Structures are given as structure tokens and as C-alpha cells.
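Participant: Given chain X, put chain P in place with the hints provided.
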Amino acid sequence: MSDLAGYRGYEPVIGLEVHCELDTVTKMFCGCPNSFGDAPNTNICPVCLALPGSLPVVNEMAVEFAARIGLALHCEVRPSIFHRKNYFYPDMPKDYQISQYDEPINVNGWLELPASGVRIGIERAHMEEDTGKTTHVGGGGRIHDSSFSLVDYNRAGVPLVEIVSRPDIRSSEQARQYVSELRMLLVSIGASKARMEEGSLRVDANVSVRPTGSGVLGTRCEIKNLNSLRSLVRAIEYEIERQVDLVSTGQVVVQQTRHWDEAGGRTIALRSKEEAHDYRYFPEPDLVRLDFDSDRVARIAGALPPTPEQRRARIISLFDAPTGTDLVATIVEMGLDVLVISAIEHGVVPERALSRTANEAAARVEDALNLDPGLYARLLMMEQEGKLTPTQTKAVLQAMMDSGGEPESIASTMGFEAMDSEVVADLVSGIVDANPDEWQRYRDGEGKLAQFFVGQVMKATRGKASGKEVIAALDRLKAGAK
Amino acid sequence: MRASAGDVSAQVRQGRVSATSITERYLEAIESFDRELHAFLTVMADHAVEQATRIDRLVEMGKDPGPLAGVPVAIKDNLCTRGVPTTCASHILENWRPPYSATVVEKLERAGAVIVGKTNMDEFAMGSSTENSAFWATRNPYDADRVPGGSSGGSAAAVASGLSVVALGSDTGGSIRQPAALCGVVGMKPTYGMVSRYGLVAFASSLDQVGPFGTTVEDVALVFSVIAGHDPRDSTSLKVRRDVDTGLLTLADGVAVSGQEGVVDASYGSMPGEDAYIWPASHGLMDGAIEGLRVGVLKEITSDAAPDVRRRVEEAAAALVSLGATVEEVSIPELHYALGAYYLIAPAEASSNLARYDGIRYGLRVDAEDTTSMMSRTRSSGFGSEVKRRIMLGTYALSAGYYDAYYGQAQRVRAVLVDAFAAVYRDHDVLLGATTPATAFGVGEKTGDPLAMYLSDVCTIPSNLAGHPAISVPFGVDDDGLPVGVQVLAPALGEPVMFRVAAAIESAAPSLPPPPVCFADGMGVQSGMGYGHE
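Protein chains in written order, with numbering that gives the first Met the number 0: chain X, 0 to 481; chain P, 0 to 533.
Extracted from the complex, chain P is given alone in its bound form:
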């Protein structure tokens, strides 16, 4: 068994195992296994040992180091870590070290987590296989010839192979859930605005959300509870209240309208006041009670999936029925337009977000005769082909005379989707479907066909466009022995019911064998193996 975050932190807090010894074992495991896996871009050995030492000292002093005490965490390399390279797997940021940490990184560390390294990804989170990394491709822990999915492939592979207990990724169109499904772990995208984006290097601002990976739904809920909450440095972050009796989430007093004169404090390393955790680390919501819940199996993200995948979704649905839920098939025909709308909105926002990489203030600079040529050369040589493709798509979509037909129209589609989801959620508590159309595909299989690659996200994109939470839960394997993920979708702020249903599915899921590349027991016994071809 791979270690769970709950177990690790419990043992560290009780003083039974030191955070330092756990950290050292994980650093050794990364050292030995990651040579095959390539999940990490930067291993933060010194930083991790320093934090572990701090945790151990707190335990010795009788202080509570927090709900993630001593838990090894991997962080996607598009989340800023102060003083540690944050590359977005791009040459353009190859040597950039941010002078500040993302809000989620600060929250994790204050909860006692030990960040062991930064994980590989598709460049600027654009891709579905982690093959678009400017540095190297990450392998699927279940099969070295297959991709781990993407764009958060490094984080998914690290958790699947036990090189970190939990991890953070970012999900713009499925970049957490799709690799989670392909690597056989749990991955979750929160409601838009539940988790601060401050320090997340932007891809598509209106779609990006940070979220956790773990081996269990409980671990994912635990990490989510730590990273969620209003952040005054992110104007799109929500102020959410949790009802103590029902556990339900509601908007407190709307979104932040504006900051205050003199209160905005974005100076290096500072930390604004923060909310208490959205819910306590004791998860009453994890009891699996789903009797009477109304579940819709969403046709548009299920019926076109590979037969093995579709069968697993049907089994999951049957399991929910046996646990007392009502299940029926539902259809949202408007989802037909989701992929098209996404590939206008995301590139449009990206074309603007990535303009700042101009060689002037930070990152790569390729010198030239004049400023304009310098900018042009820097961007030509610093960005990879997929990034350039999306910048061009987005620039075109926003151009004078085309805005209304492309970006404007895509936003109207988005509004229609939100309404269509709302109509379905009037009669259903959650929706169920496939996370991916198929299980892990082969390395190099789709790199020559961008559209085929884009279609890997067809099941996950709708939740991003709607701003809704969704989670992928492993549910057995396909005929080739590759992990299958089923997805639970919920309306905005529907995390509590989403976790409840996900935990129920997890309890009913066929057992998933650990991958061949795996540091299988973080608590002491090192039982890792290789892919078996050495």
C-alpha cells in the first residue's frame, strides 16, 4: 500500500515517525525511481529537509504542525515557489526563480506539508500528455511506453508511483482529472474561485483552477480543505461559508468587488489574512452515505468513450444504485459545442497572458538589434510549437472584425452551457461519466495530430467552462491492465456532495494493482520495482 496523507500526518503528529526520516526516504525514492519516470523537473531536497526539521521541532515542542504534518507533496512547475525554479516546463522561464510563493504553496507549508519537488508538465499547461514539456517527457508508471496524460502529468505520475503522497496540479480543461485517470489516482478540480490562483502562472485565467492529486478521495479532500479559501490577492476568489449543520457551501457576501487603499499588500513573501479551512480535517462528508441522492449519467461524456471505459462507468453507476442512489441517463446536447468554445476562449486568454514573456524583465532573452526584434527572437526561440500554435489561434480569435464571431460567440456558448447544466442540476445532485475517452495512449501517438490530442479533454472541458467542481476516481483497469477513471461532476460549490459520491465509488471500485514503478510504502518498507524491461 502507498502511504496516505492522513496516516503520515497522524504518525508524525504523534511523534511515532519523524518528518525528517520520511522526507529522506522519499528523496531517496525520487532519486532512484525518477530516472525512469521523469516526473520531476526540480527536486527540492534542501528545502524539504529544512521544512521537515521545522515540523519535527514543532512536534518536540508539543505544538501542532498542522493537518499535513510531514506529508511529502509534489508541486506542478507552474506554481511559484520562492527561490526555486518555476519553469512551466518552458525554455522561456528555464532559469527563473520567483521572489514569492503561490498562496496554495504557502498554505500547504503552513499546514505542515513537505514540498519535495516541482513536477513536469506540458509547456504552460498546454497539452494532454506531458510530451509538450521543453525538457523531457514523463512516463506513465503503469507502462513506460505510454503517456501519463497532461498537462499535470508529472504530479499524477509522482503520486501514482508513490514518489509523493499527494500533489498539486492545475486544471484548465482537464489537466488534473485526465492524468489522474490515466495514472490511476484521484484528481480533483475545485469550483472556480474556491482556490486562490495567486502564484499560479496563468494559462487561461477564466478557466484555471489549482487542485489536488492523491491516492484516495479522503487525501484529496484533505488537501483541498487546506488550499481552499478566499485570498484577497485573487479578485476572482470566492468568499464561501460552510454551514456547520448541513456541511453545505454558500457564497458569503459575493465575490470581492475591490481591494482597499493601502491594504493591498503584494510585497515579497508577505501573507495576507486568510480564512479558516473550509471544513475541518475530520471529514464527516466521507461517510459514503448517498442514499436518496439523484445521480445522472451524462451521455455526452460517456457514450462515445472506449467500451472498456464505458463499462467501468456503468459499473460505478450500478454500485451507486446498490448503495441507495437513483441513477438515470441524462443528456446535455449543448455540450457538443464545448470543445470548440474552449479552444477559442483558452487560446484567446493565453495569447494575452503569455505576452509578458518578452525578454525584458525576466526569463530568456535573445539579443537583437532593436527591442522589437529582441522580443520577437526571444519568443520565437523560447516557446515550443504547441504554445505558439495557441498564441496564434488566440490572437486571431481576438482580432478586430473576428472578435464577435469567435471569442464573443464562444462566451455565449459558455453562458448557454451554464444554463443547460443548471437545468439538469434541478433534478440531479451530481453527474457521472468517463474522465477520458480512452485509457493511456502511447508515447508519440498523438503528437503529430493536435486535434486528436485536444479530443483527449472532451470529457473534462465542460466543468471548466461552467466553473464547476469535478473529480476523477480510479475504477479498475481496462483489458490492457491500464487504469480507468470515472468522473463525478457537481454544480458550483457542490464539493461536499461530490466528495461523498466519489468516496462511495471508491469504496465500490475494483482494486487497482500498484504500478510497476512504485515506491510502495512510505512508512518504512521500500518495495519498489522497475518497469521490468531492464
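Just chain X, same shape as in the assembly:
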């Protein structure tokens, strides 16, 4: 991957259009379930099939989710109207899409990339509806090619928000970070499941190149069919190289819509600007203006779940000393920050809370997400107070992730009784007496013999004693014997 100066004297200028399906119960303009993966054409009604005479009614929850997205992206949330975007397409029942055009609900925001702190401008984030899905079925073995298409309208009318960035992105890596951070944000605020693999998050990239340092924008191409972060990075890299090849040899970039061919690892021209649709936008006469007064915005803002940025800041604020921000970012990305915060709030030392979570919990993230943060905190406190050894703690944690339960009772069932430090001291004393040579060498400074004594105690207690307790008892004996 090339850095900023690495494209033969050119720099890329990238803007992203991200479509996300909102995680509402019902569709954008009717009462049908908004549900992925159901049998074809089961979540349909006169409205989302565009039967003659049917009319749309705006889903209030979709508007609230759209406003949440706007607020989380630091946008101005304002009164808006819907427009019709007219074009014929078999999987679009009305043959127009209800969208927002020149008066969208959210404008002028930004998203901060976590690693660099670079802010990517958000031009707008507007509401619209999804289309159905067409499946093309191949030839049927008759004389004529009998291929046909099947349309599933379950997705038709599912609420979408399209988030349009400003052309502020300067590398494929920044593009990856932007989408990754945006995806986390959408999940974080409960607005979308944002699953690229299910199509609930879709990305189009606008890419152009210009001589590094130039203030002028080059001719851009829009790349479609980016179904994963990997595709996004590969497609942008390919497209930058393709455009630099053109302009550095005196050729021109033609404004086009291009398709990312994952298997071929290249972008292919779909249509040029001249062939672009004339969408004949006009205000949707079946809907009225969406009024959005400041009270309503304030109410939604007040109930807005924290963004990833806020969640990272929250963890970091609990540390006295600087901490590994990468680790914190990973924890937040996995959604395990609630465990860390709960543990710290219950008195667990922040470093311990972070490392246990980043190691044992993160290794089984799906199960860890089901952990009760309060019980998790109690487990880590038991370890911190010496009631459980690190090995025992890990074993109890695995059990909790397997089948739930309280750490105390699991530890008890596993036979991990807390060993009283006096009992440990007595045991250590006995073992010292039984091994006078080793004890003498240890007293003379042969520190590695500590492991010998720990091993003996573990043997005697079948692993129930804490290594730290044993060493503490040795140290006390050593000090007393002087």
C-alpha cells in the first residue's frame, strides 16, 4: 500500500457514499416487517408493492434513527422534505424511489478517524427507501434461451440512510478506517446492524487523482459493488493506479460509474456521464414536510447512546496513566467496553480489567458479549484479592462464558476454595523445614529457587494456592530469619 507521496507525484481524492439499512421493526413507508432472510415476497403489502391507490406513510422510528445518525456525526438536523427519484427498474415497485434531494434531514457534519484524529467531513445523511432484489435465472434448455428473472420485494421499502462524505479521504487506508469507524458508530447508536455481508451496509467510492499539493479536483469515477472492507481497499488502490497511469501519460480520466470485479481484481466501466440517468427529481406530493423542532432534536440527542469515540474516551478517562489506545479501540470495536468499565467501577485495577478483557474475553467475543458485566467484575475482583489464582480465574471465566452463572459458585464447584494466607504460611514453613539446603541457597540469594517452593506448595495443595501468596510467605520467613 502506498503512502501519501507514493503515487508518482499524484494524490488521490476520495469521497464515500455509505448506504445503511435502519434497524427498524417495520419498513419506511408501510407496516411490513423489516426483516432479513425471510422467504421471498412474504413481507409485502399494497404500499411496498406499489399497488395502484396505495400511499406512503413515514415511519417515525426511521426518522428518529436518521436523526440519531445525524447527531452522532455532528450534523445539523433540520426540517426536511422527500423527493421522488424517477427511473425504471424491475426491483423498484413504484419505478421511482422516495428519497431526499435538496432538503435532507442531516447536513454538515464530520467523523473523526480514531488512529489519526483526522476529521472527514460529512456533506449530508439523508433518508430513502431500499429496492427489492432481482435474481437472474439461467437458460432452461429449450430452443430459445429461456432465462428469466425473479424479484423478491421483501427488501423494497426498507428504510435507508445514505451518508455522503466530503472528498476529504486521501488513501485507501483512510477509507477503510472511515467505513470501519462509521460501521461501529451505526451499531453503537442502535441505528443499523451495519453488516456488509448482509448488505445492510453498502459503500460506493468516488475516486479522483490530482498532482500532489494541487487545489483542483480531478475527474472522478464512482466505484460500485464494494462488499467488504477488503474490496474497498483493493478497488480504491486499483482505481488510483489506473487513473495515475492515465494522467501521467497525458491521457484523461472519463467520468464514469465503474464496477469492482472482485475475482479479476479490477474496476470495469458501467456507464459514462452521458449515459447517466435523468432522475427528474421533484417533491414527493404524497408526503408532507417533516418538521423537526429543536425540542425534538434535543430529546433525541439526550437519549443518544454513546458513539465509539465517546466510549473510547470513557475507558481512557478511567486510567491514571496513558494506556494502549489500540487495545482500547479493539475493545470498543468488539463491544466489550462495558465489561472493562464495569470491572474498573467495581474496583478492579484498570490494567488488569483491560488485559483480562483483551485476552480471555476477546478470544471468545460472541460469548463474552453475553456476560453480565457485574458478575464479570466480581470475578476479576476475586482474582485481584487473591481469592483465585490467574489460572483459576481463567477457568472460571471460561465456565461463565460456556453457561453463565456466578463466579463464586462456579469457583466453589470447581473446588477453587480461597486459601487463607495463614494456611499458606504454615504450609510454606513446613516445606522450608523439610528442604533446608534449598532454603539456605534461597536465603543466600538464589532467587530462582522461589519457583521450587511454589511448585512444592502447589503440589501439596493441588494448585489451590496462589503463587504470589507463597512468595510473600517466603519473603516474610526470609525477613524474620535474618
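Misleading hints may appear alongside valid ones.
Partial pick of chain P residues on the chain X-facing surface, computed with a CB cut under 10 angstroms [to be verified]: (1) C87; (2) Y197; (3) G400.
On the chain P side, residues computed to face chain X include the following (Cβ under 8 angstroms) [said to hold, decoys possible]: (4) L92; (5) R196; (6) V200; (7) G228; (8) P231; (9) R232; (10) A354; (11) R355; (12) D357; (13) A404; (14) Y406.
Hints in this document: simulated from the structure, not taken from any laboratory. This one's a predicted model, so the numbers in the text were calculated from it and none came from an experiment. Every residue gets a Cβ at the ideal spot worked out from N, C-alpha and C, and that includes glycine.
Facilitator: Structure of chain P alone, referenced to chain X:
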């Protein structure tokens, strides 16, 4: 005398006549008279008898079947009727049966009305003569060689000829009032948003309103009171409150801003919660008291009308003066631009509304090699020429680079008109004028000249652009014995005063002889005749 809705429902509710017997008589009348008239596209005999039986059972059980108990109603064929063909008089929907009913249809049936059939119209409500129907042309009951007007010509002709007591139509640029005037019946377009459009197949969404036809102002007000009211399934439907003391209408808490998660219920056949009738079926507003009302005779919709028509408007104005109103001529010069603005806005919205007829999900499909060709062939063969003309006009008006000059400009004209009307209504309670520039024209007379046809709506279009209510009331005949309509216009939510003035005009109107094709007494005596040329 043709039967009135008030009489029919009163007799049915009192158990003096059964809804079943009335229904059967009307079905027979349709059978015999409609062969000449061609007002109906579908006769709903089984459906009607079923509903009539239900009404009779309710009466027997001592329950109130509603204010339209047993009243035979005809429905324009662009209103969805569950399981019954709803064609919009187009080949493209020839065999389509909607899985749901329009809100207005459900409201009528719950008020006890008996729907006897679906009426003919200009295809997708585009036209002024009902000659643009893909199936057949409806004749004017007063003269078989003349048109009934349009686009709701079938509904107007059905009521005029007594084949239904009342009817529903839709009015985008005059499609209720113009045929009402040409057929000698009362027809009304409500304030935009007073009546739900859910289940009305859209022509031009920002102009379309459903409204009633009847032989009297009282019947029209009665049907209006049944179909009006907020519908959560139509975002443009208004929430209106009626002041009990003054009878005046005001906006309750504005228009619906948005639906609610999980509450939107558009599943087949379901019915959302509904408002009570806007006003009770006892119409205090029908007492004709108009003393002190300020009436303006609107120059722009009157002075260019045919002399016979203009004379009738003047007589109506004189009658209002004699009843105590003050009358003066008013002018809104901006109305000069109304027809032009309408013929940009309506086709533009239509071009988008009619995109869904693509052969994929319902209606006509003409197969082809690929999807695009299939869509193209389906639309080429399924739409008639007037529909295609308007789709092309509208597509052009919305095109990149032309939007501002055409659609944008037309919307600005619309805003100017609303302001101009508001200025006139500061000093006037209602406006009076002609409904049509002339009485019924001949079959085929204007089919070759679209612009001449468009001009038939010049008097009615302004109310649609402004979103205001207006009503056409029969006022005698012209020198050829053809009915003349005068129009009462009111500001938004001005229905109460509009009905009051309309009732006063009706009481002063010269008597109108029933048409030659007429089932003249729904209550028992069948006294129909033919056109007299058989």
C-alpha cells in the same frame, strides 16, 4: 322525481322498504338503461345484494345500519374495490382486482351504502368527455349525441339517469364538477386533504380529491359527511375539527407529520381508527340562510362563458341578492395562468405516478426479449393516446435543465394563485361563477383537438390548484334544453358556507326536467324512457 339519499335511507331505517328490494330495482334499471348510456364498466350485482341483505338484517335486529342505509351508490372506476375490477378505464389494468378497498369505499359501506357498480371514466381520469375510456364512451342522459363530460362522466350520467342515487368521482381539474354541470346534477370537490386518497388510483397527487355526486345539495353534503375525515394511511389528509356552535371547520393540530413505528397498518382489508363524521347527518347548514353573506362573481370563470351559461350565473347571483346576500363582481387576473400551470403540474405528477404500470407485478404484460423491452411494449400497448401525451408532457417538464422553467415555474404560479384567492376571500365569503364555458358538447367534437378539450376545465382548475372546495349546482337549461351548472367556490375548509350558498342557489333554480334516459323513481314506480330514437 328521482329518489334522494335522505329519503331512501330514512325508509330503509324505518323498515318501510327493504334495502334488498331497492337494490334489485336499481340493478334491473341498470340492466335496461345502461345499454344506451354506458355509464358502468362493472355492475356489482352479487356484491350489492350481499350488502343489502346485511343492511336488512341490521334493521330487523333493531340496529342502525348508518346514514346511507340501502342507498345505491356508483363508484368511479379509479377507486379500489376489493376483489372487484378497478380498471381506471385502461387496458393496462383491464383485469386487475385490488386486494383492498379505498378508505372512501369502506366508509360508504360502513354507513350502509350499497355499491351497485363501477363507472366509466376517461382513462386514468385524463379527459373531459369520458371519450378517452379504453372500453366505451358514456352518453349524456339528456342527449345521446353529446358527451356527459369527464373524467367522472360515468358517475355523473348514472346519477342523472337515476341508475344510482349518489356516486363518487374524483376531481383533479374539474372531473366531478364539469360532468355534474353537463349532466344536470350536483357535484362537489372537497378541500384538498378533507377526504382520504388512500385507494384512489393517483393521477396528479397534489390535485386529486374524491368527491360526491347527487341530485341535491343535501345528498352531496350527506355523502361528503360520510367520506370526509382524517385517514392515517394518507399523509396529506387533514385533521379537522368542527366547532359545534358555529359549524365552522378548523385544522385540529395540523397535518400528519409522520406515522408511528409499528402502527402503520396497510395490510389487506384492515381499517385504521377513524374520526367521527365531520358533521352530523342532520344538516343545520342546509337551512339556506345567507343573509349578509358577501358573494363575489368571479369574472375570469364567467365572462368568457357561452351567453346562455353566463345568463344563468347572473340569475343565480340575482337570486342570492334577493335572499339577502351582497353580490359584486371580482377579478383575479392571475387566473389567466392557471390552465398553463395545471397542464405542467398534473402531467408531471402523472408521469411519475403512472411509471409503476410496467408489466412486472400486476396488470397487462406484453412479453418481450428482455425486461426493458417488456416494459416498453406493455406501456405502448396498454396506455391510450391521451395518457401517453400527458406522460410525455410531464416527463419533459421534469427533465434536467427544464425543471425550473416548467414545473418549478408552475409551482410558483400556484403559490401566487393561493395568495390572490386569499386576498379576495378577505372581503368575500364565497365566489360564484360558471362551472363550464359551455353546455354539453357533441360526441367526437373535441377528440381531435386536445387543447380545445383542455379548455373545458378552465373554470374548474383554479380550485384544484388552490386546494379549495367548490361545488356545481344545476341552474336550468340553455336554449337547447341542456343543463347548465353554476359553481360556488370557497376558501380551504369553507365547505359549510359553500353548502349553504349552494342550497340557496338550488332553491332558487328553475326546475330541471329529468333526462329522457332516466329511472325516475327509485321508490317504486319505474317510469323510464329511452332517448326516443328507437
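Participant: Work down the list of hints and note, for each, if the structure agrees.
Facilitator: Verification of the supplied hints:
no. : hint : in the structure
1   : C87  : 7 angstroms, holds
2   : Y197 : 5 angstroms, holds
3   : G400 : 9 angstroms, holds
4   : L92  : 7 angstroms, holds
5   : R196 : 6 angstroms, holds
6   : V200 : 4 angstroms, holds
7   : G228 : 16 angstroms, violated
8   : P231 : 7 angstroms, holds
9   : R232 : 6 angstroms, holds
10  : A354 : 3 angstroms, holds
11  : R355 : 5 angstroms, holds
12  : D357 : 6 angstroms, holds
13  : A404 : 14 angstroms, violated
14  : Y406 : 6 angstroms, holds
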